[in-house]
Amino acid sequence: MALTGLDIYKLLPKTNCKKCGFPTCLAFAMAIAAKKTALDKCPDISDEAKATLSAASEPPIRTITIGAGEKKLEIGGETVLFRHEKTFFHPCGLGITISDTTSPADLQDKIKKFNALSFERVGQKVKAEIIAVKNDSNDKSKFINTVKEVKSKTTALLVLLSNDTSALEEAVKIAGDAKPVIGPANISNADQITAIAKSNNANILATGKDLDEISTVTGKISASGYKEILIDLSNVKDITSLENLTQTRRMALKKNIRSIGFPALVFTSGANTYDHLSYAAMAIAKYAGIVILPEPDPSIFLPLVTLRQNIYTDPQKPVTVDSKLYAIGGQPGANSPVIVTTNFSLTFFSVEPEILNAKVPTWLLIVDTDGLSVLTAWAAEKFHAEKVLDAMKKANLESVVSHKKIIIPGYVAVMAPKLNEISGWEILIGPREASAIPKYLRSSWQ
Amino acid sequence: MEKVIEKAVSKISELAIGATSANGGTREKELKIGGQSAMPFLHFEGSMPNAPVVALEVWDTVPEEWPLIADEFKDIVNDPIKWAQKGKEWGADLISLRLESCHPDNKNNSAAYAADLVKKVLAATKLPLIVIGCGHPEKDQEILPAVAEAAKGEKILLGMATKDNYKTIVAAALASGHSIIAESPLDINLAKQLNILVSDMSMPLERIAMHHTTGGLGYGFEYCYSIMERCRLAGLAGDKIMATPIINMIADETWKTKEAKTPQDEQPNWGDLHKRAINWEIACAAGYLQSGADILVLAHPESIKQVKQTIGKLK
Ligand code: SF4
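Protein chains in written order, with the working numbering: chain L, 1 to 446; chain E, 1 to 315.
Be aware that one or more of the hints could be misleading.
[To be verified] Within a straight-line C-alpha distance of at most 25 angstroms, the following computed PhoX-like cross-link-like pairs (lysine-lysine) qualify:
(1) L:439 / E:261
(2) L:439 / E:74
(3) E:305 / E:88
(4) L:127 / E:192
(5) E:313 / L:237
(6) L:125 / E:313
(7) L:439 / E:258
(8) L:113 / E:88
(9) L:237 / E:3
(10) L:404 / L:359
(11) E:258 / L:127
(12) L:227 / E:3
(13) L:227 / L:72
(14) L:237 / L:173
(15) L:254 / E:11
(16) L:173 / L:209
(17) L:254 / L:324
(18) L:359 / L:324
(19) L:418 / L:387
(20) L:18 / L:41
(21) E:261 / L:359
(22) E:313 / L:359
(23) L:125 / E:261
(24) E:126 / E:163
(25) L:209 / E:313
[Said to hold, decoys possible] Simulated restraints, written as ranges between beta carbons of each label pair:
(26) L:121 / E:44: 32 to 42 angstroms
(27) L:390 / E:193: 45 to 55 angstroms
(28) E:75 / L:121: 45 to 55 angstroms
(29) E:193 / L:201: 37 to 47 angstroms
(30) E:10 / L:254: 39 to 49 angstroms
(31) E:82 / L:256: 56 to 66 angstroms
(32) E:14 / L:314: 27 to 37 angstroms
(33) L:70 / E:10: 28 to 38 angstroms
Hint data in this document are derived by calculation from the structure and do not stem from the laboratory. Everything numeric in this text was worked out from a predicted model, so none of it was measured. Quick reminder that beta carbons are idealized off the backbone N, C-alpha and C, glycines included.
Chain E with its partners taken away, still in its complex shape (with noise of 0.2 angstroms):
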């Protein structure tokens, strides 16, 4: 039967992560995102010449808020540095480090402890790095600027500019030749206007990203994921303001949740927790992968995995 074949006028822009020793980095490799001139995976009627890409999220603090995670790996969590080296080991392309310990309600550790760490990591790992501060607007301002100068020359993913800090994060991630996640909540009005705004500093669209607060599964999973697919079908369609590629943190909505934390005894019915929890990970990444993610933010290696080989199926 004849193909109904839906061409693109125009591309996803292409975005790396990540500068080699050949560009002055000291990364073992530089990854492409994006560049896709289809839907997802839909190789009859485009190319996808950059597959999505799995990070393995990495805390500066022990996340109380994954009791597995946090119990699985005790003896990981508690170490940025171990932690981020087991990246390589359980296949993850990148690593994404949040600078949790710097929010106000935690630690709120300094500029100058974002600076190092972020230092530490990169003599640690030689995977591409993702940076993301604390969430806090303000916070972010201080530390995100400071991890900007400490990374300089290695390319890495600095996020989250939002509305409120874009400027500061903008100005630091250009000033250090690294890319930007530009942070808007479930809107898409709001994510190109942010677009927008962070390309008029002139940042370069291939050096944006958008997250659009990914909603976890059962948690708003159908907001973020048809905004995902509109942005993708605009961006296809010829705006290239909406053709940057998108990140999907899917971890952090995944390990708070009551699914992946209240056990069998509590809920006979739901299944074994370890399983049900690493399987919410899977489902949410699989999902997502339809509606364009093009990096997805893991935790659990068994996810890694899975989400790798399903990735690996599909590309």
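With the rest of the complex left out, here is chain L (with noise of 0.2 angstroms):
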């Protein structure tokens, strides 16, 4: 929670001095407020009114990293409730568990089904990114050769996890500078495991039973100087895991409580898969950092990163793609079909892989329409006949295709004979839906 103008104004020297620039020390607080200048402005100001302020400024979720490089994976800073108020910054990380009992065979298995939940959606790669090794065994060298198989196997950030402190020394050295998550730390095991994951450059995952103890524990890792937390918010009941991610998010956002302003990582529970992927999903929508499943199930994670790149789309950034023609399905010719639809990215990602469903090579003319959907472009009109033949003239279409005939979307129709007397082209009504492309193109199509 940011600090107003008065509260800021109690911690300056009040003697209205005037060489920050301004005429009082009030004008002077109201405009730190505002974030209009800067605080070492004021030559008078107190050591402790400076730690105090800089203290208030810093983030109320503190970002996380875990990994190094490009494949490092960034979570948290999140500064609102709902997405509509401004965006959510970071994707939460998504992954699986592999337990230290796992068989060779089924090892092996899981590694591999892992490696291939990569899936590209709307011109972005997405995938899971992480795996949690479990020392379920409490044996420490099944522990650390599963991490070894994991981390030499898969590119995969790492949440280690043991009650053996000496296992978690060790795995985190396999780990490297890869920034991987150690823990659980508890009230008891805090300070064992806060030295290692500040002499080894790693996270720490906070537990306990509630938001209490949780708080307890961060407040002692914390103590020492040391802020790469993340806290567990699972909980057997998906319930009780709802209240507690909404209230830390709230609490860190609202109340500026410091203690559980750390992205949450929860282990989703449940009887069956569709439990999980419901859990996972309910985690997604609200705040968690890192949302954890039991199996590499490439069914239950399409849907999920999908739900992720939904949720932290930027709601204010109108998302769109270059107004141009595309050469779609492999190399089009001369008298390959010219499909004409909007610049709305959503609308080009659902034309344009059904395009290649068809297995028919098209132009795709793109018609700067603002970042409109078909019928929204058509009832702002954005998306009219003369808009059309603009776009056809920009790329010189009559050069490209021999046939003069091009293919609107079926639910702008109504524009048809306006395009058609304006170009001299042949009008053709699409389907409606872009899922329809592929039968259009293939029967009735020339």
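Once you've looked at the hints, go ahead and assemble the two chains, each given alone in its own frame, into the complex.
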């Protein structure tokens, strides 16, 4: 929670000496609150006030980095409760658990499946990033061997979980400089785990039976000056988890409570895969920083990475693609169909894969509609015959194809006569939904 | 630690669907939705007297655009009566009947046909009923009044009333004692405008549900999700117009997507098609439960079972 102008004023020298360039200390305080000037413009501010003020300007939820280099994942750092208020900045990490009691064959199978959890959606590569290795065997050598195997056969970011701090100390070295998460840290082992994390540049997973206890653990860790912390908000009952996820986000943002101002990690629970999916979907929507499921099942991860992408899309950015002529599905030629649609990226990324599905090389002409979808753009008069004609001319369509036929979306069939009149081209009415494009291209085109 | 409580100023309006014999209908129960005084499932700061409900989507023609459903239930989806009867067996709270065949691009079936079919469905199942037109604004003005008349006394939920045809449909719903779904395309201002227009016709706000044109998972989900959250927050903050319950047509936005159609041999990384498609419907529903869905319309029995179970845990 940011300090108000009045809160800041109370910490200033109150001499109105004007050295800061403002007529009064109060005016200066207001300008600080509005982020219009910097604290160091006041030469007379006390060190104590400076410390208080800079602590208050720290983000209410800490941004935590897992891994290093290109593969690093940043989570936390969120500033709002609802995405429409601004945006959610850092997409949560998704991953699986691997127990060190897994048989060698199952381990290889799991690793292989995990490595295949990589998808392309709306032009972005998305995947599962994390493997949590659990020392369920309580056998240090089994744990270390599993960690080694995972480390050498995947590029996963690691969460290393053992109740044996000496096992953790050894495992964290295997992770090297790839900043893993280690834990679980609780009231009794927090100091030891903090020491390991500090000297090996690792993050710490703080656990406890409720928020009070978790907060005590994070307090112990940060008392040493180390703040690379995640909090474990898994709970066997989904409902308690939702409450804790919501409360921690609120306490951090609205009350500036530092001891829970860390990204949350959730292990899903449930009786079957549908339960895990449902739990994970809830946690993605409501504030989790990392969500871990038991199995690397692509039929579960594809919807989850999609949900994550949806929730973390910046709602203030109109999502558009370049307005130009695209060659889709290999090499369209002079006799290939031409489909026209809007530059709304969701429209583009719905149409493009369907053309690929059809296996008919096609020209896709994208008209600049300010990122509005077909129907909305039509209603807003941003997708009409003249606009389409402009785009056709700009793309020099006449020299690209020889047939003078263009396919428009079924929803804007009404523009056909006008477009025909001003362009002289034959206007074909395509389907209304992108999903019907393959059938259309295969059966109705020429 | 002290909880941060955000007390709502107001409540979401409570809408009842279905009339039992005590109320002049033939439904086995009256379903209530809405009435919450908190964001979804936040029981620590408000009440949720009615948990969200799950409807089975039933078409009056084979849903060719949903190949998996059309294939897996081929002996059911060719008969709307049989299909509607599955509602009870599959654990749905109510039925959502879509009169797809009345669309001019489909069979262009008549108002008399629609009225007759609705009567037959009402006779075949005792679950409360939602009836959705064919989505053609003019044609819906013909068929939905006939449907309203045919279902008189049953307190159905009738849709979709849009800015182009709400007058006829709302008048018909009023005349026969039904409730209405007001539909506007992914725009909170249009949603509010339409709710005002509908309530100006003396349709009580307690008889209006909103549909923001559901975005399927990966196909505009985030737009609908945020509009729902904004409506719900406004409703709880005292904006009565925005405090109407929300319906999500999830089945129709799931089963036509490529994720619910593409076999694994074409996309080896995507996993088993059948599981993936059901997961798509479940994940979409689980997401919308968090933004304020009151009615989730689904198609697959496995999804219905799971979403009911999730609601059971959260409620
Ligand atoms: S320089 Fe500091 S003490 Fe002087 S007026 Fe500005 S804020 Fe006040």
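Hint-by-hint comparison with the structure:
| no. | hint | in the structure |
| --- | --- | --- |
| 1 | L:439 / E:261 | 13 angstroms, holds |
| 2 | L:439 / E:74 | 21 angstroms, holds |
| 3 | E:305 / E:88 | 11 angstroms, holds |
| 4 | L:127 / E:192 | 38 angstroms, violated |
| 5 | E:313 / L:237 | 8 angstroms, holds |
| 6 | L:125 / E:313 | 34 angstroms, violated |
| 7 | L:439 / E:258 | 13 angstroms, holds |
| 8 | L:113 / E:88 | 38 angstroms, violated |
| 9 | L:237 / E:3 | 19 angstroms, holds |
| 10 | L:404 / L:359 | 21 angstroms, holds |
| 11 | E:258 / L:127 | 19 angstroms, holds |
| 12 | L:227 / E:3 | 23 angstroms, holds |
| 13 | L:227 / L:72 | 18 angstroms, holds |
| 14 | L:237 / L:173 | 35 angstroms, violated |
| 15 | L:254 / E:11 | 23 angstroms, holds |
| 16 | L:173 / L:209 | 29 angstroms, violated |
| 17 | L:254 / L:324 | 46 angstroms, violated |
| 18 | L:359 / L:324 | 21 angstroms, holds |
| 19 | L:418 / L:387 | 11 angstroms, holds |
| 20 | L:18 / L:41 | 10 angstroms, holds |
| 21 | E:261 / L:359 | 16 angstroms, holds |
| 22 | E:313 / L:359 | 45 angstroms, violated |
| 23 | L:125 / E:261 | 21 angstroms, holds |
| 24 | E:126 / E:163 | 32 angstroms, violated |
| 25 | L:209 / E:313 | 20 angstroms, holds |
| 26 | L:121 / E:44: 32 to 42 angstroms | 35 angstroms, holds |
| 27 | L:390 / E:193: 45 to 55 angstroms | 32 angstroms, violated |
| 28 | E:75 / L:121: 45 to 55 angstroms | 35 angstroms, violated |
| 29 | E:193 / L:201: 37 to 47 angstroms | 55 angstroms, violated |
| 30 | E:10 / L:254: 39 to 49 angstroms | 21 angstroms, violated |
| 31 | E:82 / L:256: 56 to 66 angstroms | 59 angstroms, holds |
| 32 | E:14 / L:314: 27 to 37 angstroms | 36 angstroms, holds |
| 33 | L:70 / E:10: 28 to 38 angstroms | 49 angstroms, violated |
In terms of the numbered hints stated before, the structure departs from hints 4, 6, 8, 14, 16, 17, 22, 24, 27, 28, 29, 30 and 33, listed from lowest to highest.
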